[in-house]
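Trainee: According to this note's numbering, the sequence shown is numbered sequentially starting from 1.
Note that these hints are calculated values from the structure, not bench results.
Just so we're clear, the structure is a prediction, and the values are computed from it rather than from any experiment.
Take these hints with a grain of salt, some might be off.
Stated by the list, open to error - Here are the computed lysine-lysine pairs in the DSS-like style, where the Cα-Cα straight-line distance is at most 30 Å:
hint, residue 1, residue 2
1, 219, 196
2, 37, 219
3, 126, 186
4, 219, 141
5, 196, 132
6, 186, 67
7, 94, 126
8, 89, 219
9, 150, 132
As the list claims (entries may be wrong) - Label-pair distances were calculated between CB atoms; the ranges are:
hint, residue 1, residue 2, range
10, 226, 26, 58 to 64 Å
11, 28, 239, 31 to 37 Å
12, 23, 131, 44 to 50 Å
13, 201, 77, 29 to 35 Å
14, 86, 160, 17 to 23 Å
15, 93, 136, 17 to 23 Å
16, 229, 26, 34 to 40 Å
17, 175, 60, 43 to 49 Å
18, 58, 148, 43 to 49 Å
19, 23, 219, 52 to 58 Å
Idealized CB from N, CA, C, for every residue including glycine.
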Amino acid sequence: MPFALEAEEALHPSAGVRKAALQVLPSNSASLAAISKAGLFNDANLNTRLAAILKASDLPESAETGKELQSASGLGQNSGDRWISEALKVAMAKHVKAGEDSHAGHQMNGAANKAGDTKPAEGLGKPDQIVKITPVVNAMKFEQKSFSVKAGSIVELEFDNIDFMQHNLLILQKGSMEKVGAAADKMAQDPKGADKQYVPAMPEVLFFTPLVNPEDKFKLKFEVPAVTGDYPYICSFPGHW
1 MPFALEAEEA
11 LHPSAGVRKA
21 ALQVLPSNSA
31 SLAAISKAGL
41 FNDANLNTRL
51 AAILKASDLP
61 ESAETGKELQ
71 SASGLGQNSG
81 DRWISEALKV
91 AMAKHVKAGE
101 DSHAGHQMNG
111 AANKAGDTKP
121 AEGLGKPDQI
131 VKITPVVNAM
141 KFEQKSFSVK
151 AGSIVELEFD
161 NIDFMQHNLL
171 ILQKGSMEKV
181 GAAADKMAQD
191 PKGADKQYVP
201 AMPEVLFFTP
211 LVNPEDKFKL
221 KFEVPAVTGD
231 YPYICSFPGH
241 W
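Generate the whole structure from the sequences, applying the supplied hints.
Mentor: Below, the structure written as structure tokens:
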């Protein structure tokens, strides 16, 4: 069978053979399985890795492939490579859907107060202040190091992901950044970590967005805690915070 032969070539010790095998794999789910089994999204040869990611963008949509691509996007070697980072952006746009997890209702339709309760976003009314946040391209940090809002006010945070990798944004309880960040990093070992948007289920997380794809935007409306102070915010994608 031609497919069986091509799948075996995807495991060949020669990078050239692996890359050639990718180019002739049929456009079906079995090809995605072969690419995943061979570990080609993390191939030691960057040209073969690039070919695998580009091939994925032409194959049927797959949540599992989306998770693998998310993991790949978090690697510095990939984000630092112009062509691989662009290919990941294209492939993730197909295989990764932001907000598809158990927190989606909270993220999309609600805002949490410091006690962890939720209020319907539409019930918060017109925002008193709009805050715009963007990431620094290829740097895994936010351009805006801080922002000030009035206690008890309604804020709409506009997160514009101009980077080439996925990011989210979590606003945390005072003094909890290390605790939440450590919990987020542990989620990299959780097979369902990406499904959970890498948002730890803990009371220290006050407000959060889902993972936002490259060149996408997300608006988060919330009521600022009544207690004044410095509330840290992070991207909880493992390794980013």
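Trainee: Could you work out which of the previously given hints the structure breaks and list their numbers from low to high?
Mentor: 2, 3, 7, 16, 19
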